[in-house]
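There are 2 protein chains.
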Amino acid sequence: MGGVLKGNMLIAQSGGPTVVINQSLAGAVIEAKKHPQIENIYGALHGIKGILEEEFVDLKKEPVNNLKKVAQTPCCALGSVRKKPTEEECEKIFKIMQKYNIRYFFYIGGNDSAETAYILHQNAKKAGYEFKCFHIPKTIDNDLKENDHTPGYGSAAKFVAMAVMGDNLDNLSLPGIKVDVIMGRHAGFLVAATSLARIYKDDGPHLIYFPERPFIIDKFLQDVEEIYKKLGRCLICVSEGICDEKGNPIATKFIREVDAFGNVQLSGTGALGDFLAGIIKKELKAGRVRADTFGYLQRSFPGVYSEVDAKEAYEVGEFAVKCAVGKDMEGSVAIKRKETKKYSVYYQLVPLEKVAKETRSMPSKFINREGNDVTKAFLDYARPLVGKLPEIGRIKGYPVRKRK
Amino acid sequence: MGGVLKGNMLIAQSGGPTVVINQSLAGAVIEAKKHPQIENIYGALHGIKGILEEEFVDLKKEPVNNLKKVAQTPCCALGSVRKKPTEEECEKIFKIMQKYNIRYFFYIGGNDSAETAYILHQNAKKAGYEFKCFHIPKTIDNDLKENDHTPGYGSAAKFVAMAVMGDNLDNLSLPGIKVDVIMGRHAGFLVAATSLARIYKDDGPHLIYFPERPFIIDKFLQDVEEIYKKLGRCLICVSEGICDEKGNPIATKFIREVDAFGNVQLSGTGALGDFLAGIIKKELKAGRVRADTFGYLQRSFPGVYSEVDAKEAYEVGEFAVKCAVGKDMEGSVAIKRKETKKYSVYYQLVPLEKVAKETRSMPSKFINREGNDVTKAFLDYARPLVGKLPEIGRIKGYPVRKRK
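Sequence lines, in order, name chains L and F. Per this note's numbering, the first sequence starts with residue 1232, numbered consecutively. Per this note's numbering, the second sequence starts with residue 1232, numbered consecutively.
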């Protein structure tokens, strides 16, 4: 390659928001400002859509202190999009890149974004256009290959753990059966994190169901009944992505809408929770059965975030730019965990196509044999990513002797 | 009455939890420990149910530092109940009070709890049993008469304001129409608090609907369409208790279950949100329409609370005990706001029956003429109750000139 590639930089965000995705934006832009070979720093509004419409903002002019404030703000400061460009659109995008002399491109998103970056890089290579193309990971689902975990996951995990801590206390106050539906289309990492809510022995969640294991309604009802008989209450966390034995999402039984990628709409509806509460009510004849679907709060609630997650999200953005101004032409930044006793990570550039094609599921070692809870291995994995949770007090409850 | 009434104290919690209800418990118990005329301090588990079953715990033995930890923990440390005792049960309770020489009774709850306290006090009076009976207010609905506001409201209001701040950013990232369903059966105070989420001019919620105004579906669709045309997105907050012109809850169109008080189940289901998203999709032919029902998180989420609310919740518990060891025989503690420029309150004992019978709604001056937003008067009322909200940053977004 030889010599320094001079030109403009373009950065964009894609897919579902996270609470720390702007940390990655700030990390990349603040780093880029330090390198004179990066001339202008543009942000495309709403990902690929903004590139196609040439809707750019000048991020070099953004004051660093404002970028730092934006970093702490949830969701996509540049706007997001759920769109995978067609081949024709990729051609068009490539022409726009040339027109604006974009030589450095960073796409913050999940595996679909890595794929878009991969295609763009391939096009540039074919055309002999020197074009550095990087993917910066984010997803609350934690389902990117090559990564120990992904930015956004730790904070979403903290949110659901806290929500379930509270909901467990609510369920202790007014006992009954409660179903909480947690995000995660194909991977159970997020629903698994609800296990961190447990402090006292009888704390919920008492049952956790993952997309990685078939969800058998009879077995589910049996599990619930057993806990309910023992504790007089039962708190259940299910992933929105639970599937029957044939691999069909339970949610498809009553939801028909599909998104631009042909995926069934799982979030933004209470239907799955209401369905499960309904069958519990009917089959177990239990009195108080309720369902909550945590919804978009899991990826957007301000002020509740994991400090480790926020730091790493910043650093992956920064690292991508450092690679780009070095000799690397393309890649996806991956978070790797060191094999040390004390939690620590390092970042590594991996080929785009390794992250682009497929997503990963929860390893089997994280799910118990019955398929209705996590293992200690999961707890050890997740605790450092989430960090400190609120203290929960209980009265000691010294009993009073009954009088005659 | 003359002379000091010596005897035991009983305290219990009732109704839906709040994030600060244990502050009131701690405030009352820590204060009671200081007064030698209060001999034993008992806590009844699950309110009236625990009294009927004589399920008591000894709270005098509880270390103060544990009570302080419990105070910061959401939901009912003694357990709660949704039960209004029958006349027969009131008789039974009264006998239990005598058997345990309970001379001081404190019931933390909403207006139903005030009514229970009122009936018990009347029974004691008739029987000539010296019995001090107090109601300590709590409700996230903020619907107790005689109060400027109630403990629990400020924290729930902060939670929904923060949730909508995040959801507004989510909706900015991925534009569409979003419906958020907020708790509040008869009073719109909580849904009104979502207005505090607004910082920038185009921030949502763009529309707010209250139980106090008839919800006309055609008008609603017209409102949504107008905003959607203008902004390309629309964030709507509706109270779970919205009713049609005849006063029938919109939710009754698809929910049949009623609770022990004959109230329709509004929480713990996503049905209302899904219904509203469904009609928007159908009638407005809008692309991305989603609904979230914030559910029990609004009253139980740990770590997110209003400092003013926590302080006041502690103080109303403390104040009730101070009144009880003085010359007062009965009453409900009410929070009154001073007419000062800087926010400040005082507590006043009001007769139980004044709080017991009815609840209050939002005053008309808090709702705009169109019935789809709050007024400045509401914002001035609510801001000091909620306190500081997270900072939200936005990129300045300096535009880049399009190239030819």
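Rather than coming from a laboratory, the hints here were simulated on the basis of the structure. One thing to keep in mind: the hints can contain errors.
For chains that are exact copies, the list does not tell them apart, and a pair is met inside one copy or across any two.
[Stated by the list, open to error] Result set (DSS-like, lysine-lysine): computed pairs, CA atoms no more than 27 Å apart in a straight line:
(1) Lys1512 <-> Lys1484
(2) Lys1450 <-> Lys1573
(3) Lys1635 <-> Lys1356
(4) Lys1572 <-> Lys1450
(5) Lys1619 <-> Lys1542
(6) Lys1607 <-> Lys1553
(7) Lys1633 <-> Lys1356
(8) Lys1292 <-> Lys1432
(9) Lys1299 <-> Lys1356
(10) Lys1484 <-> Lys1516
(11) Lys1607 <-> Lys1265
(12) Lys1450 <-> Lys1315
(13) Lys1484 <-> Lys1264
(14) Lys1553 <-> Lys1432
| Ascending list of hint numbers which this structure does not respect | 2, 4, 6, 9, 11, 12, 13, 14
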